[in-house]
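Assemble the whole structure, with the sequences as input and the hints as a guide.
Following the UniProt record's numbering, the numbering of the sequence shown begins with 1 at its first residue and continues without gaps.
A portion of the hints provided could be inaccurate.
To be verified - Cβ pair distances, simulated, as ranges: (1) K509 to A426: 43 to 53 angstroms; (2) Q757 to I691: 44 to 54 angstroms; (3) E10 to A175: 33 to 43 angstroms; (4) L242 to F297: 21 to 31 angstroms.
As the list claims (entries may be wrong) - The calculated DSS-like cross-link candidates involving lysine-lysine, where the alpha carbons are at most 27 angstroms apart (straight line), are: (5) K509 to K575; (6) K718 to K512; (7) K579 to K509; (8) K718 to K509; (9) K386 to K436; (10) K512 to K294; (11) K718 to K594.
Since the hints were derived computationally from the structure, they do not count as laboratory data. Cβ coordinates follow ideal geometry from the N, Cα and C atoms, glycine included.
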Amino acid sequence: TTTNGLSDDEAVRRLQIQGPNMPTSRKPVHPLILLLQIIPNPFNVLLLALAVVNAAMPPPNWKGFGVLMFMVAISTGVRFWQEYRSSIAVIQLQASITTEVKVRRHHRTIGDKALAQIDRSVDTKIEEKDLVPGDVLFLSPGSVVPADCLVLESSFLRISQSSWTGETDPVAKGALDLEIKDAQIFDLANVIFMGTSVVSGNGLAVVLRTGNDVLLADMAKQLEKRREPNNFQRGIRNVTWLLIAFMLVMVPIVLAISGKTTGDWQSAALFSISVAVGLVPEMLPAIVNVNLAKGAFSLSKKKAIVKRLDSVQNIGAMTVLCSDKTGTLTKDEVTIQEAIDMDGNKSLETIELAIVDANAQGSDGNNIDAAIRSSAPSDVSDRVAKHQIISTIPFDFERRRSSCIARGVTGQDILVCKGALEEVLARCTQARQGTKTVPLGGAEVKAIRQRADELNRSGYRVLLVSMKRLPKAYINDEDAVQGLESDMTLQGLLTFIDPPKDDAALSIKQLKEYGVQIKVLTGDNLPVALNICQALEIVEHNQVTENDDIQAITGPELARVEGTPEFDCLARTCKVFAKLSPNQKAAIIASLRKGGNCVGMLGDGINDCVALRAADVGISVDSGSQVAKDCADLILTEKGLDIIVESVRVGRITYGNTIKYIKMVASSNFGNVFSILAASAWLPFTPMTSIQLLAQNLLYDISQIGIPWDNMDEEFIKKPQQWRSMDLLRFILVLGPTSSVIDICTFSLNWWYYGVQSAHDPVAVSMCQTHWFLEGLLTQTLIVHLLRTPKIPFIQSRSSVPLALSTGLIMAVGFALPWIPGVENAFSFTRPAYTFIGFLAAELLLYCIEVQLVKMLYIKLFGRWL
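Right, here's the structure in full:
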């Protein structure tokens, strides 16, 4: 490769060998691999095991086997479709952003006269993915470095490496041949890396590595190790083990009672297996995944792409959100705060001179100049417009100042200089104080430094503005212009800040109301971070800095206590962490998770990747680095906390509807088992046929399809919600037997009122079975409205329209079945006694009163419902 670049033929050859300049992570996962990852869900494994038992035990129960396999298929299909669609959406989002880069290529042409071959260099634009090692690349302000490169030429080239290092200040890069012992790779002055960006200046660089060979791809490979189970996965695992343990306890009890009562131990064994199947909510995987998919769809409407369905529930369970500062809490733009003189008074002269120099720097000036120009009052702008710019000295990161020579309306030439405190102060011999000019002695210099230090500690960036009157004789002497920056008069100070976003304070307040604590993890310096956090009330202004209540700390300070209990204490109590390394961010998150928190991480830089993977839910933005998006579970199409607030609501509604279903179905199933057990020990006939049981379960499951669209009470949404397996067990044990009370009432009516006390009359037995079918289906379905809320149903809290329709429709259909010709014979129904309809209405009313009373007592004793 030469500075003329590669030939087109050589570039094509290298592209064929090297492949496109695109990380492997941008390729969607193969559908078969994704399917194999989804199938071994804990609930699916449990249902598959029960399906095998149904098919293996003689005689095989193929109906039960078919139902269980159907539930597994629905659950897997919903989850597969949503996650595959999300992965495709992410790829399409990435592919929609096509970036062109400017490279130098040389073409070989034929000369006119001697027919000689002539090499001709051409500057051309190509797509970023077509870059190959050896390409000569042009660098200009605003461009993102598309590959790992070696700088060949530079002119005031400044590169932002904040996505890698977290440092906000850009670094100088150039074609230097300096050997630095023990230098970190980001300290190399002539090497730039994919993912960094050009802040200012221009350059020419040769591409060293592309695609999967870049440093960025190497980090992605390091992140491929298996993640720790997140909050949702741990919760699902615990619930699954609870159901398994519950089955292992109940099945032997049912086997012993049934075998002892009937004397037929083989039938008792088959019955106990059917009880095991009955205890498991077979629709659970499908309902859970439909809930998550519905939540993911809702989030997509709120500018968030869900990569992993688990993250929908995890963001609802989130108790701590770790966030970066720039662009999330702040606008990611420099704004001038005020212009003051050396006494701290507002100074129009200072801002006027600063605007003169900012205008002189033109559009090539930095963001500081842009902020100064945009802050100009109208009267000042009019006066500045009358200045004629004679000469300009641009900003330089070595000089850390910029200057210009301007001519005012009076014809007086002045030198205006603005820049960093030490660089400008060292070149001033006097200062403007009110309406007079005073010598700049030691006391004055000390006072200025103290004021600047106070402003820095408050989080402001400080620049000084100075000026000097010039005789016209100097103007044409260009070599002497830079030497004029001496014996200047200090005019005043400018303070700058990256201001908070307009909606950040409201979003933080809402997150606090939802029980989510905000912790700021930033690579910026501590004073700047504290200033923003105090403005947004993340940290109190009167913060305590004693060891037992430190609210802010830096990475180096944190490193001293790493691996000790004090580290966990600081991770828990501190709210602002500055100057952190990537591993420290991950360590803080791991410590918070170890303490029982569900942790979210919002970050878009390469240095956030480890932390994104360590969190329960990693959140990035579509404008973030590619590796950060690969590590994230949730990708925001806009960067802001307001989307997080909406996501928390959606996540909690999703979790609420999921746990609502689990508690309702598990307690109902346990009640049914309890009732069947009582009936087996009492009645001389089976209380319901197997086909009736199957129909009842199927109708009840259909009635639940409206749950993912149900409403949640605002009180529930306001608090972080996490899986509590022991709370579920308690709910099952308390609420399950309440339904058995009504079942036993039905058995008693059949036994004493209708006089069916033997199995000799098939029609009477069928009528009793129909009675229990109707009572069981209607009570199970109606009670959904009581169990879905801790409040009084229909009055204080109403279900959604889909749930009301699904439950109402199933109750109507179920009640009508025994009267439908053809259906009654197919399901072995006999039309119920007309007097039973009155008893049924009374039982429904009694059951509602019973459950409401039990619910009120339960909440009083245990302090929670769902």
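Consistency of the hints with the structure:
1. K509 to A426: 43 to 53 angstroms: holds, 45 angstroms
2. Q757 to I691: 44 to 54 angstroms: violated, 24 angstroms
3. E10 to A175: 33 to 43 angstroms: violated, 23 angstroms
4. L242 to F297: 21 to 31 angstroms: holds, 29 angstroms
5. K509 to K575: holds, 15 angstroms
6. K718 to K512: holds, 9 angstroms
7. K579 to K509: Holds: K579 and K509 sit about 26 angstroms apart, inside 27 angstroms.
8. K718 to K509: holds, 12 angstroms
9. K386 to K436: holds, 24 angstroms
10. K512 to K294: holds, 26 angstroms
11. K718 to K594: OK: K718 and K594 at ~23 angstroms, within 27 angstroms.
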